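**Q** Go ahead and model the full structure; you've got the sequences and the hints to work with.
Chains as they are written, first to last, in this note's numbering: chain A, 2 to 101; chain B, 527 to 686.
Everything labelled a hint here was simulated from the structure, so no lab data went into it. On a predicted model such as this, the values are computed, not experimentally measured, just so you know. A couple of the hints might just be wrong.
[Unchecked claim] Okay, the calculated beta carbon distance ranges per label pair:
#1 B/R639 to A/E99: 37 to 45 Å
#2 B/R589 to A/E99: 21 to 29 Å
#3 B/P563 to A/A16: 21 to 29 Å
#4 B/R562 to A/R97: 26 to 34 Å
#5 A/L53 to B/R550: 31 to 39 Å
#6 B/L579 to A/P56: 17 to 25 Å
#7 B/P600 to A/E57: 22 to 30 Å
#8 A/L53 to B/A581: 31 to 39 Å
#9 A/A76 to B/D676: 20 to 28 Å
[Said to hold, decoys possible] Computed cross-link-like contacts, EDC-like style, restricted to lysine to aspartate or glutamate with a CA-CA straight-line distance of at most 20 Å:
#10 A/K88 to B/D623
#11 B/K528 to A/E99
#12 A/K98 to B/E543
#13 A/K98 to B/D536
#14 A/K98 to B/D616
#15 B/K528 to A/E43
From the three backbone atoms N, C-alpha and C, an ideal C-beta is built for every residue, glycine too.
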Amino acid sequence: MCNQSVGLVQRELDAAGLPTVSLTLAASITRLIRPSRALLIEHPFGLTMGDLHDPERHLAVLEAMLAATEHIAEAGTIAALPFEWTKDDLRARQLRKEAR
Amino acid sequence: MKTFAEIERDFIRARVEPAFDWVRHDRPSPVNPMRRPIREATVALVVTAGAHLAAEQPPFARRREGDASFRELPGDVELSRLALSHAGYDTARAAADVNVVFPLDRLRELAARGRIGGVAPRQYSFMGYCLEADLLRDNAREVARRLTADQVDLALLVPA
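**A** Spelled out as structure tokens, the structure:
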């Protein structure tokens, strides 16, 4: 649901002329909303930037968002980021609606 | 195999709203070019983590239809002053390091080292669980007005 909400908010900022970049945890939802520029990150829901107290990962994700302003010019792009979640199966269980 | 969009849609239909479906747009919204280089840009975060000032602002409502409102947060706020209210994810986990859903400390670090021009004076949090798309759009337009008034050059949006 968060991913629809982010896309809807982003579309309004886009319409107002603001440059934007969003993250999405669920490309299948963002593909329906079609905001200007989105980056798929396969982290767990609620740990969007990475694990707790992992500032290096958080910064790397922010850097990827900044870089997207230079690399992505085509509206509606959803580009996959290379980050992986290897700590546990939390995201896999969330995608089956077995965990929050 | 079902997509996550289908799994989540069916979950919401079964538990909350039998007529629920995702919003669909045929056309993407436009990519707006940056008006200045990133190293000079004022950057704002717009998140859907359900963040609010614990002492001064009300939590987000836990209603069936969700909550389309937003909270404006000072750019210099200490993250320890924030609380998270959101039915859709484990806020207790994120509360131990709010940067995982609202990376404001990290944005400040980027500003301190000159990677971006600065952190916007006002940051924004919605709460992502919201079935009232039209109300959400109205509130997003108000956030867009405020970001424009603050001469924000780039908005970074983070779901939870």
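**Q** So, for every hint listed, does it hold in this structure?
**A** Here is how each hint holds up against the structure:
A hinted range of 37 to 45 Å holds for the C-beta pair B/R639 and A/E99, which are about 41 Å apart. Judged by the Cβ atoms, the range 21 to 29 Å given for B/R589 and A/E99 holds: they are separated by roughly 25 Å. In this structure the supplied range 21 to 29 Å holds for B/P563 paired with A/A16, their Cβ-Cβ distance being about 24 Å. A hinted range of 26 to 34 Å for the beta carbons of B/R562 and A/R97 is inconsistent with their spacing of about 44 Å.
Checked against the hint of 31 to 39 Å, the pair A/L53 and B/R550 passes, with Cβ atoms roughly 35 Å apart. Between B/L579 and A/P56, the C-beta spacing of about 23 Å keeps the proposed range 17 to 25 Å intact. The hinted range of 22 to 30 Å is satisfied by B/P600 and A/E57, whose Cβ atoms lie roughly 26 Å apart. The hint said 31 to 39 Å for the Cβ distance between A/L53 and B/A581, and at roughly 24 Å that hint is violated.
In this structure, A/A76 and B/D676 meet the distance hint of 20 to 28 Å, their C-beta atoms being roughly 25 Å apart. At most 20 Å may separate the alpha-carbon atoms for a hinted pair to count; A/K88 and B/D623 meet this at roughly 17 Å. Note on B/K528 and A/E99: the hinted pairing holds, with a Cα-Cα distance of about 15 Å set against a maximum of 20 Å. Distance hint between A/K98 and B/E543 is fulfilled; the C-alpha atoms sit about 17 Å from each other, no more than 20 Å.
Restraint check: the Cα-Cα separation between A/K98 and B/D536 comes to about 11 Å, which is no more than 20 Å; the hinted pair holds. Our distance criterion of 20 Å between C-alpha atoms is met by A/K98 and B/D616, whose separation comes to about 13 Å. A hinted pair counts as satisfied when its Cα atoms are at most 20 Å apart, and B/K528 with A/E43 qualifies at roughly 17 Å.
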